[in-house]
Amino acid sequence: MDFLNTHLLTTILFFPVLTAMIVWILPSDQVKAIRWTAFGGSLIAFIFSVYLWMNFDPNLAGYQFEEQYIWYEAIHSTFHVGIDGLSLTMVILTTLLTPLAILASFGIVDRVKAYMMLFLFLETGMLGVFLAADLIIFFVFWEIGLVPMYFLINQWGNPKGERELWGGIKISSRNYASLKFMVYTMAGSLGLLLAIQLLGVLFRNYDLVYLTQRWTSLDPNGTLMGVSTATVKTIVFWAFVIAFALKVPVWPFHTWLPDAHTEAPTAGSMILAGVLLKLGAYGFLRLVLPLFPEQSAQYAGWMAFLATMAIVFGAFAAYGQTDFKKLVAYSSVNHMGFVLLGIAAAATKIGTEDATIALNGAVLQMFNHGLSAAGMFFLVGVIYERTHTRNLEDFGGLFPLVPVYGGILIFTSMASLGLPGLNGFVSEFLVVRGSFPLLPIYTSIAIIGLFFTGAYILKGIRKVLHGPLNEHWAHGEHKLTEINLREIIVMAPLMALMLYIGIWPTGLLDVINKAMSALF
Amino acid sequence: MSIENLIWLIPLPPLLAFFLIILFTNKWKGLSHTIGVSAAGLSFIGSMIVFFSAIQVEHFGEGEHIFASSINWLPTGEGFFKIGVLIDPFSAVTLFFVAITIFMIFLYSVGYQNYGQPKGDHDHMGLPPHGATIVDEHGHSHAVLSVEPMYSRFFAFLGLFAFGMYTLVVSDNLLTLFVGWEIMGLCSYLLIGFWFAKPSARDAAIKAFLTTRVGDVFMLLGLAYLYSVTGTLNYRDIFYNAEVMHHLSETITPIFGLSTAGLIGLLLFIGTIGKSAQWPLHIWLPDAMEGPTPVSAMIHAATMVSAGVYMAIRIFPLLTAGWHGHELTPTMTFVAFIGTFTAIFSATIALAQNDIKKVLAYSTISQLGFMIAAVGIGAYVAAAFHLITHAFFKALLFLGSGSVIHGMEHGILHTGNHSVDPQDMKNMGGLRKKMPITFWTFLIGGLALSGFPVVTAGFWSKDEILADAFGHGQWVVFITLAVAAFMTAFYTMRQITMTFLGEPRTKEAEHAHETTWTMTTPLVVLAFFAVTFGWIGVPEHFPGLGGVLPNWFHHFVSGTLLEHPESVEFSWIPLGTSLFVALGGLTLGWFVYKDYKAGQPDPLENPFGKLYPVLQNKWYFDELYSATFYRLADWISGVFTPFMDQVVIDGILHFFARSTGVIGNTLRDKFDKPIINELIGDGTAALVQKGQVLKYLQTGRVQSYLFGTVSAFIVIAALLYYFF
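Residue numbers (the working numbering), protein chains in the order written: chain S, 1 to 520; chain E, 1001 to 1724.
Please note that the accuracy of each hint is not assured.
[Claimed, not checked] Distance condition first, Cα-Cα at most 30 Å in a straight line; then the derived BS3-like pairs of lysine-lysine:
1) E:K1670 / S:K170
2) S:K463 / E:K1027
3) S:K463 / E:K1119
4) S:K170 / E:K1673
5) S:K349 / S:K170
6) E:K1597 / E:K1618
7) E:K1198 / S:K514
8) S:K463 / E:K1618
9) S:K160 / S:K170
10) E:K1610 / E:K1597
11) E:K1027 / S:K479
12) E:K1119 / S:K479
13) S:K463 / E:K1198
14) S:K479 / E:K1029
15) S:K479 / E:K1198
16) E:K1082 / S:K349
17) E:K1610 / E:K1594
[Claimed, not checked] A short list of chain S residues far from chain E (calculated; beta carbon distances all over 10 Å):
18) L60
19) L165
20) L190
21) A230
22) A317
23) G476
What the hints contain is simulated information worked out from the structure, not anything from laboratory work. Note that the structure is a prediction, hence the values are computed from the model and not measured. Note that beta-carbon positions come from the ideal geometry of N, C-alpha and C, so glycine has one too.
Modelling step: build the complete structure from the supplied sequences, incorporating the hints.
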């Protein structure tokens, strides 16, 4: 226990890798053993993080459970990990969703071993970003998370579908989507890496706490390398912002998302929407706002503009889809727009009560969207697995055939819609409440998006469950089967949390609130 | 148990019933309805205890003389957003009518959904039951009503609906009010679309949810605004706090020069427009008739639309901020206009409807208009009074119409002619003999709706609104509402005459049948309140009766707010008007329709001429919205957004990708191949070829990539180990 208490974060961080190694040793034809090992390993990581949650003291400011090891002495980068209320929330989300996603992937039969190992690597990559307290470590894990996801889309993605590019060139959709995802994020990473290097070179250190303190106390009228500090800061600010905005994704950098989601395997979409998108928002909260308070305030209007565009056009785009999965994918653009709106609003007057409320809302929205988006993608996957179509026009009136599935779908849809009593409402209300006094016009426009959220959610339910029964799915070999026990088990914890947070958000929000008050 | 703790518990039994039925008992119909009805009963008992405790408290509503308790909910920086329960005079009387009507609707649903009848021959989930065939001991087969296939589910949804309404009523703040408000929105969606396999029901459900959501998003904005200005959403802290209200009414916003209170009030009021189906967001309510009839009663009387008026009365201080009893503020003018216009507008539509439920639907919109108009002219007590009497008699009328439809369905199964629409009043007539209990109770409800003098509750409440409009010098409001009241009496009598009086116009009506006790009992109970509830609000100076009975309602509800409104002085003009419009409308309605025969055109068609189809088609508002808003939304989401994403944004991306490719290929063709390869020779050429081969790895050899990833991890792990 003593070892665990002193090495809790690295244990959580590398436990998935350890599990992946065990999976590696297992014979490839022992599919069952591979699945259960992967599931068990990720579940243990979750149990560790629950243990972390229970031993975490929300009243302390700064990092807890810190661990620091010598790593890359030549450039003064250390392997420094730590956790505060913000990263704790995200770690819980990640370790919760990964076992569920692995459980959701039990239907995968193709190269199970490789698949499971990639998933576990992915978990470590994401956890590393949330735990990192050193910029180089942050960047390393940021990139590591990309690779497994690329292969999950590229190899286990939807095998059908072609995409025509310029000049009549055709490539398979999953190649297109995975490449777009990879190249897009890499393009953002380039600026991120240069910006991080600049900071490192300036202060000969990559430690986040130290850097923040030095960087923000620079004389604003001074010069850095012959250029005025303000200009340098602005350039570095935008390098960070673009890298994270691509990941969130913010309009107009969002077009990789629907492609990636449509092609990704179900569990891949769950993690992509559930956790990977949060990396971008996390970057805003962990790096952009603390390192660039003045620039954030100065450009908050622009960020709010982009967020509002994402909210409004994300909703419109979702409403216009005929592909069920794309509809859900665009809903992520819409929902993550609220996260950025909250962040942008908070940036205008950091430290005020309104700003704290907006940030509370943004972080809670990250967590909530993780639950509901993962749930929605899973439910799309459940029906896709049975019908092999995602086209909304092919469904219709399925509710009598699959009443349990229908009930779960309506429940999860309502959480995504932001129905009061479920989780999404609390965070959206906090964002709107926090943003309204700070950015009244953008917030008012954003509610158009809120309205259309209702429209596209109901469209999904209407096309799938309601209306006259499409007889094709009622008889014979096409007969639609009810959601099975394993699938219900995947949804049960998500639904329980949606309801719990909707009714009693106090516990989770308390941690977030204290973290936000301490950070800003 | 203290009253405060009891109030917390009131909303819970129906919620519990919802979860129990959905998760466990949905296979057992009897058990499910037992759970549902008992839950409604428990909440009813709790509500009555709270109500009767409240009316025994002296000066209830003033200062600390309320029932309230709250807990921390959302942490907000330093402090907390608290939620809690509050019973003040207004919520106490609301609780009273909500509890009774909800309980009655639950009971009624048992009969309406044909409990105890056999399973239908061809019934499916999502469609109304079509009837079953049974064979009696003589070998004759009979067509009888069949039980609803989703019987248990119906009670679960009703439970959730009741939970939403109770939450709304016992809340002490606007945010939990909004929670209940939206839960009801969901339930109306689920219940209007209860027979979801019918495209009309499915679309009506979506229409209801989205139309009310238009109002809801504005309301949410209003909540955020109010919360950020005052730091709270608690009723007592804002509306019962002179200092806060003064501040809100003194600060001016840039929008139309409204005061902060006026603007926030306006935003919140848009929520009411949606929820209480006021023009121009009234379009969802008539379509909501697609749901089973108990749902119509639930939505139109007990809960949903009442919620909108409830909030309008709650935020009365905001709406009227800066008003000193004379000239209306801009916000009040807006509210009064919406209410008055809606009252007359939908009354005209109700004149030309033939569906028994549609007439009631438009009359609901119209009556809600009366209440909103009353709020707009500053008479919130009158609005509250009409809200409650209306809830009783409109629940009665809806349940009565459900009973009629049920009776007609009985006739249809008897004759086997399924082309007859059981809801079309043209097919009815003479039902008073077949369904006596339904007839007498419906008559009471109809007279109450018409404002039949002295006896019925509707008279007292409607008269109070007219008296207030007159007393405050709001001539336009007064006259318009009087005309609307006249039309109300007319179309109500038209409905009663066409349905119950005269001779049966079809064979089906001849074979109609009185319904079971679970359906008729609620009718009798509600009829009792539709008469007696008016007697607790008789104005002091009413000739003859005034002073004999105390005007209890006015005194009690006045305690809700800081300033106690004065009763208006008695005048014969509004009273005379009331009497005239009620009796005149009723008489005229009877006179015009008493000889109406099957197959005849409606007697109004000729005198109304070209206006008649316009009324029948509801002034073409649905068509107008389809041609404008729906098309715009479809264009933005179906044409504009795809263009922006796939052509513009992706076009730019592809341009970059393509340019990179072109540059790369150019370099290779123009530089690498001709210059480097030529100069340096085969060594590099071979490398280039290797590159060509390597390129293909990407399409399949995942193991090698995996190997790469794994090796990277091993290297990192080894490095870590080394440095530990």
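The hints, checked one at a time:
Taking the CA atoms of K1670 (chain E) and K170 (chain S), the gap is about 26 Å. The hint holds against a cut of 30 Å. For a cut-off of 30 Å, the pair hint linking K463 (chain S) to K1027 (chain E) stands: about 27 Å separates their Cα positions. Restraint check for K463 (chain S) and K1119 (chain E): satisfied, since their Cα atoms lie roughly 28 Å apart, inside the 30 Å limit. Straight-line distance between C-alpha atoms of K170 (chain S) and K1673 (chain E) comes to about 27 Å, which keeps the hinted pair within the 30 Å bound.
Annotation: proposed proximity of K349 (chain S) to K170 (chain S) is violated, straight-line Cα distance about 49 Å (limit 30 Å). With a C-alpha separation of about 25 Å, the suggested pair K1597 (chain E) and K1618 (chain E) falls inside the 30 Å cut-off, and the hint holds. For the given pair, K1198 (chain E) sits about 51 Å from K514 (chain S) by alpha-carbon distance, which is inconsistent with the 30 Å threshold. Distance restraint check for K463 (chain S) and K1618 (chain E): the Cα-Cα separation of roughly 28 Å lies within the 30 Å cut-off, and the hinted pair is therefore satisfied.
Straight-line distance between C-alpha atoms of K160 (chain S) and K170 (chain S) comes to about 13 Å, which keeps the hinted pair within the 30 Å bound. Restraint check for K1610 (chain E) and K1597 (chain E): the C-alpha separation of about 23 Å stays at or below 30 Å, so the hint holds. With a C-alpha separation of about 23 Å, the suggested pairing of K1027 (chain E) with K479 (chain S) holds against the 30 Å cut-off. Restraint check for K1119 (chain E) and K479 (chain S): the C-alpha separation of about 24 Å stays at or below 30 Å, so the hint holds.
Restraint check: the Cα-Cα separation between K463 (chain S) and K1198 (chain E) comes to about 13 Å, which is no more than 30 Å; the hinted pair holds. At roughly 27 Å between alpha-carbon atoms, K479 (chain S) and K1029 (chain E) fall within 30 Å of each other, so this suggested pair holds. At roughly 22 Å between alpha-carbon atoms, K479 (chain S) and K1198 (chain E) fall within 30 Å of each other, so this suggested pair holds. For the given pair, K1082 (chain E) sits about 24 Å from K349 (chain S) by alpha-carbon distance, which is consistent with the 30 Å threshold.
For a cut-off of 30 Å, the pair hint linking K1610 (chain E) to K1594 (chain E) stands: about 24 Å separates their Cα positions. Look at L60 (chain S): its CB is around 16 Å from the nearest CB on chain E, clear of 10 Å, so calling it non-interface holds up. Chain E draws L165 (chain S) into its interface by the beta-carbon criterion, the shortest separation being 6 Å against a cut-off of 10 Å. The Cβ of L190 (chain S) lies farther than 10 Å from every Cβ of chain E, with a closest approach of about 13 Å, so its non-interface assignment holds.
No Cβ of chain E approaches the Cβ of A230 (chain S) within 10 Å, the least distance being about 30 Å, so the stated non-interface status holds. Residue placement check: A317 (chain S) does not keep its beta carbon more than 10 Å from all beta carbons of chain E (closest about 4 Å). No Cβ of chain E approaches the Cβ of G476 (chain S) within 10 Å, the least distance being about 18 Å, so the stated non-interface status holds.
Hint violations for this structure: numbers 5, 7, 19 and 22, all remaining hints satisfied.
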